[in-house]
Structure formats: structure tokens, C-alpha cells
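Trainee: Residue numbers (the numbering used here), protein chains in the order written: chain A, 1 to 150; chain B, 1 to 150; chain C, 1 to 121; chain D, 1 to 121.
Take the hints with a grain of salt, since some may be wrong.
[As the list claims (entries may be wrong)] With a cut-off of at most 30 Å between alpha-carbon atoms, the simulated BS3-like pairs for lysine-lysine come out as follows:
#1 D:68 to D:97
#2 A:59 to B:4
#3 A:71 to B:4
#4 A:4 to C:97
#5 A:4 to B:59
#6 A:92 to C:68
#7 C:68 to C:97
#8 B:92 to D:88
#9 B:59 to D:88
#10 A:71 to A:92
#11 D:88 to B:137
For the record, the hints were derived by calculation from the structure and aren't laboratory data.
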Amino acid sequence: MNYKNLLRLEFLSVPENVGVARVSIAAFTSQLDCTVSQLDDIKGAVSEAVSNSIIHGYKGEPHHIITITAKLWDDTLEITVEDTGTGIPDIKRAMQSGYSTNPERLGLGFSFMRSFMDSVRVESIPGKGTTVTMTKKIFASSLNNHAYES
Amino acid sequence: MNYKNLLRLEFLSVPENVGVARVSIAAFTSQLDCTVSQLDDIKGAVSEAVSNSIIHGYKGEPHHIITITAKLWDDTLEITVEDTGTGIPDIKRAMQSGYSTNPERLGLGFSFMRSFMDSVRVESIPGKGTTVTMTKKIFASSLNNHAYES
Amino acid sequence: MQVELEVNGRCLIARLSGEIDLNVADNLRAQLEQALNDNPNVRHLIFNTRNVSFLDSSGLGVILGRYKRISTHGGKMAFTGLQDPVRKVLELSGVTKLSYQFSTEEEAVTNLEQGGMGSEL
Amino acid sequence: MQVELEVNGRCLIARLSGEIDLNVADNLRAQLEQALNDNPNVRHLIFNTRNVSFLDSSGLGVILGRYKRISTHGGKMAFTGLQDPVRKVLELSGVTKLSYQFSTEEEAVTNLEQGGMGSEL
Ligand SMILES: Nc1ncnc2c1ncn2[C@@H]1O[C@H](COP(=O)(O)OP(=O)(O)O)[C@@H](O)[C@H]1O
Ligand SMILES: Nc1ncnc2c1ncn2[C@@H]1O[C@H](COP(=O)(O)OP(=O)(O)O)[C@@H](O)[C@H]1O
Numbered sequence: 001m002n003y004k005n006l007l008r009l010e011f012l013s014v015p016e017n018v019g020v021a022r023v024s025i026a027a028f029t030s031q032l033d034c035t036v037s038q039l040d041d042i043k044g045a046v047s048e049a050v051s052n053s054i055i056h057g058y059k060g061e062p063h064h065i066i067t068i069t070a071k072l073w074d075d076t077l078e079i080t081v082e083d084t085g086t087g088i089p090d091i092k093r094a095m096q097s098g099y100s101t102n103p104e105r106l107g108l109g110f111s112f113m114r115s116f117m118d119s120v121r122v123e124s125i126p127g128k129g130t131t132v133t134m135t136k137k138i139f140a141s142s143l144n145n146h147a148y149e150s
Numbered sequence: 001m002n003y004k005n006l007l008r009l010e011f012l013s014v015p016e017n018v019g020v021a022r023v024s025i026a027a028f029t030s031q032l033d034c035t036v037s038q039l040d041d042i043k044g045a046v047s048e049a050v051s052n053s054i055i056h057g058y059k060g061e062p063h064h065i066i067t068i069t070a071k072l073w074d075d076t077l078e079i080t081v082e083d084t085g086t087g088i089p090d091i092k093r094a095m096q097s098g099y100s101t102n103p104e105r106l107g108l109g110f111s112f113m114r115s116f117m118d119s120v121r122v123e124s125i126p127g128k129g130t131t132v133t134m135t136k137k138i139f140a141s142s143l144n145n146h147a148y149e150s
Numbered sequence: 001m002q003v004e005l006e007v008n009g010r011c012l013i014a015r016l017s018g019e020i021d022l023n024v025a026d027n028l029r030a031q032l033e034q035a036l037n038d039n040p041n042v043r044h045l046i047f048n049t050r051n052v053s054f055l056d057s058s059g060l061g062v063i064l065g066r067y068k069r070i071s072t073h074g075g076k077m078a079f080t081g082l083q084d085p086v087r088k089v090l091e092l093s094g095v096t097k098l099s100y101q102f103s104t105e106e107e108a109v110t111n112l113e114q115g116g117m118g119s120e121l
Numbered sequence: 001m002q003v004e005l006e007v008n009g010r011c012l013i014a015r016l017s018g019e020i021d022l023n024v025a026d027n028l029r030a031q032l033e034q035a036l037n038d039n040p041n042v043r044h045l046i047f048n049t050r051n052v053s054f055l056d057s058s059g060l061g062v063i064l065g066r067y068k069r070i071s072t073h074g075g076k077m078a079f080t081g082l083q084d085p086v087r088k089v090l091e092l093s094g095v096t097k098l099s100y101q102f103s104t105e106e107e108a109v110t111n112l113e114q115g116g117m118g119s120e121l
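For reference, chain A alone in the conformation it holds in the complex (with noise of 0.2 Å):
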């Protein structure tokens, strides 16, 4: 085992839980003394992975399962958001700014992902699912100061 800690959170495709996943990875991720920008950039990008398996992904139906796995290496965090929907029939077209399947969206999702983390890397079988994988290392904020804080 090389990583320093794991949380893995699996749940039903409805909105409800786009809120639920982001706190849940915030509170993992809070073990590392991270700043409060880290943090909500952390959240942005799990917001918009799961909403996206939940509208994409499984097109709205709520009875399916998103798996998000959360990993701590010594500074750097690593999420994994997985769903087995529809998947994406062209990633690097999907990734573009601007580019969305759906004409009431703003196609900002994955932009929005690689602005907030260092990496991320998409896999997807069109009828299979897709696995979104990101990183972001986590710098000690200078500005924290946690004289005892265990």
C-alpha cells in the first residue's frame, strides 16, 4: 500500500448527491493542512465530474451507480469518478471548451476540471461508462497557522 489514505463513496445517480460527494471529498481531503482555495477548487471539480455522470452518463435515470475513489498520497490527492452510462464517443472533442451534447448546458464541465486540478485524464467505452481521473498536489497553506492542531 503506498498510498496514505482511501476513502471510496458510492451512490445512487441523483442530484441530491452531487452535494453529498463534494462534502464527503472535502472532508477526506481536509487531512492534509490544504487551503480553503484548494479546497473549493477540489469541490468544483467533483461537482462537475458526478453532474456530469449523472446528465450524461446515465441521462438523468436515478437508480444507477457513480463510484467515486479518493486517494492521499504524501501531497497529492487523487480522484477517480466512474460511471457505467453511456460513455463519451469522442473524449478530445468532449473536452473542448464549449463543446456540450446538450444545447441547455455550457459545456464548461471539463474545462472547469482541468482549471481546478493538475491532471485529467478521461476512459470511456461509448456503452461501457467513463472514468474521469484527476490530481492536484496540495501545498501546506504559509497562511495556516495550527499551533495545535493535531
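Start from chain A and add chains B, C and D with the ligands according to the hints.
Mentor: Below, chains B, C and D with the ligands without anything else, positioned relative to chain A:
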């Protein structure tokens, strides 16, 4: 599928994750229009059960897995905390208030779980592991005034 | 999420609070559309996001959809009370460039009303 | 969790904040033991829990362990700033019966010092 929502958490048996579990289950429960005091109770029960799995079930060894399953039925939350650790030879005795196999501890964990939740059921096989299943009915707070709450 | 709506002159002020994501997007969209339908003389949109702790692209989509509706009639969009998480999303999406930022709602109302009546800001 | 320790006369005041659970139990125990070792004239313990948002039986165990140490020399334990989550755990465990509750630290110090010098409270 009869439940309205489902969340499963799997995590390493390290003390850092007691708080992660608490926060995640609280976020999941917040979907029901529950009171702060109900959330405090649920956090308390999760904390006791997870701490028991870490300390007693896995004797403090950090590389084991604890699984929590939370299900929302209409107005009832069901939480299952599972480990594959040492197990409990005498469940009845273990659940007695003040009984602990660890002289450093108070023996109040099960007693708190029973006070915080409506029901607590323990299944355990020595050498195989322990499963604690707890339920709590959530009454919407008449004091909560969420005119625009989604 | 909570939404408080107020019409001031030709401005619709929406005071948002909480987390604006997929889970509340339909609700927010419906409330804003209703307010625009009920107040046909409203031309501009002001979002007070002081108490918004989280905004993602689903939430931003709802905001931009309403901007699209008012902008076809020359309406403008302004934000007040911008906090870091919201500011970042507005910047990343380029929305800062097509909207106005003010410190207070009053400033926003005054400026949008003047801009609407006279020259563009 | 954060801990702020202050010695006032024969009272050790521990101002706790955050969540007191298994994750911080060792750290809290060590800090309290250290303070008791460093200040042999301390007789009473005062826990200010105003900023404690969570306490479970692991955290309570640390508190009661320190009470055991001082009570063998006639020391007393008091709580100030009790909030609902902590109050509930103290009540369920019966700790309210073997400790004292005061609104302020000053009140606690005055009462414990008097009690310690004169008759029991
Ligand atoms: N989990 C997924 N399953 C299937 N398709 C996806 C998934 N995630 C993204 N996509 C596709 O990639 C496109 C771009 O995604 P994104 O950048 O997040 O923008 P948006 O969600 O606004 O459409 C989506 O419109 C969709 O076609
Ligand atoms: N998950 C578990 N695995 C093994 N033993 C357990 C587990 N949970 C509880 N026990 C046993 O039950 C006893 C009572 O538990 P509890 O009431 O929580 O008190 P405490 O944790 O303070 O000992 C423990 O001392 C332990 O022997």
C-alpha cells in the same frame, strides 16, 4: 428498489476517517429536512460505531477496510457499519453500559448509539467481523422555515 | 439554496445563498423565469452572491440562460457581493467580461438604470 | 481540534475547540497530562467547551481519565460554555452528576477555589 437514496462509504481503518464518515453521513442525511439535534445524534452514532471498528475490530491496524451503508427510506435513515475484524464473542455483554474490554475506554459506545438512534442491531462472528445496523426516524423540524429550500 | 427576489425599478435583484449546483438548478431557473414573466418591465438582472458558498457550471448555466433572455432586449447583468468561489467560476468562464461587478446592490441599480437610459457602461 | 491551556490559581483551564473524537484523543491526553505534570499545584480542572462542535465517548474518555487523576487528590472538574452536543453526551454518561457547570470561567475558578479551601460545593 424501495429506498429513496443510497450511499456506501469504504475507507481505511485510520482515526482520520472517523470525522470523514461523520461528515459524509451527515451530508447524506441533510436531504431529509432534519433538525440540528437529529444530525448531532447521527454523527454521534456513526462516530462510536466507526471508532469501535478501528480500535476493537482491527486493534488499531490501519490497513483494513470499514464499510458504511446509508439508506434513506421515506422518513427513516438506516446506517450499517461493517468491519471484517476480530468480532464480538458475547454481544449481549458487549452492549452493556460500562462494559469494555479496553481498560482505557468507558464502555459507553453502544449505550450512546442506542440513545442517539431508534434501533441498534449488532451481528458479529468472532474471527469474521462485526456489523452494526442502526435506524432513526427523521421528523422534519417545525422550527425550520425553508420557504425557498429546494 | 435560498433565493430572495426583489424588483427595483427595471432591475430584478436575486439574492442567492447556499450552494448553487445541479441539485438546485431547476428550482432556481423556475423562480427566475417566474419573476421575469411576472415583471415584464424588468430589463436588468442583479445577482447578489454574498452568501453563495459554491457555484458550478450547472448553476452558472442557469444564470447565463436568464442573461440570454434579458440581453436580447438590451438588458444587462451585474454581480454584487462576489466571494472567491463564485469570482473564480465567473473568471474561468469569461462571464466577468460580459457582466458588471459592484460592491453594493444600490450601486448596481443606479449604474444599470443609468446605463440603460443613456450610453452603455 | 485546538487546545488552549491556562493555569489560574489551583485550576487548570482547558479551552477546547473543534471536534473531540478518536482522531485527536491521544493529542488531547498528552497535552493535558503535560500541563498537569508541569503544574503540580493544580488541583481542579475546568473545561471551556464553548467552541466544541462534537464530542464522543473517545473524547469523553480522555476528559474522565484526567478527572480520575485529579480527583484522587480531592480535585474537582467543571465545565463552562456547554453547547447542546457536549451537554447531551455529559448527561447520557452521567458526567453532569460528578462535575460542576458554570456560565463563565471566572465563576468556575471562584467556586472551585472556594470549595477546595472550605467546604465541598
Ligand atoms: N460521464 C459522461 N458520460 C457521457 N458523456 C459525458 C460524460 N461527461 C461528459 N460527457 C460528454 O462530454 C460533453 C462535455 O462535457 P462538459 O465539458 O462537462 O460540458 P457539459 O456538461 O456542460 O455538457 C458533454 O456534453 C457530454 O456529451
Ligand atoms: N466492531 C467491533 N469489533 C470487535 N469488538 C467490538 C466492536 N465493537 C464493540 N466491541 C466490543 O464491545 C465492547 C463495548 O463496546 P462499547 O460499548 O462501544 O465501549 P468501548 O468502545 O468504550 O469499549 C468493546 O470494549 C469491545 O470489546
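Trainee: Any of the earlier hints contradicted here, and which numbers?
Mentor: Number 4 only.
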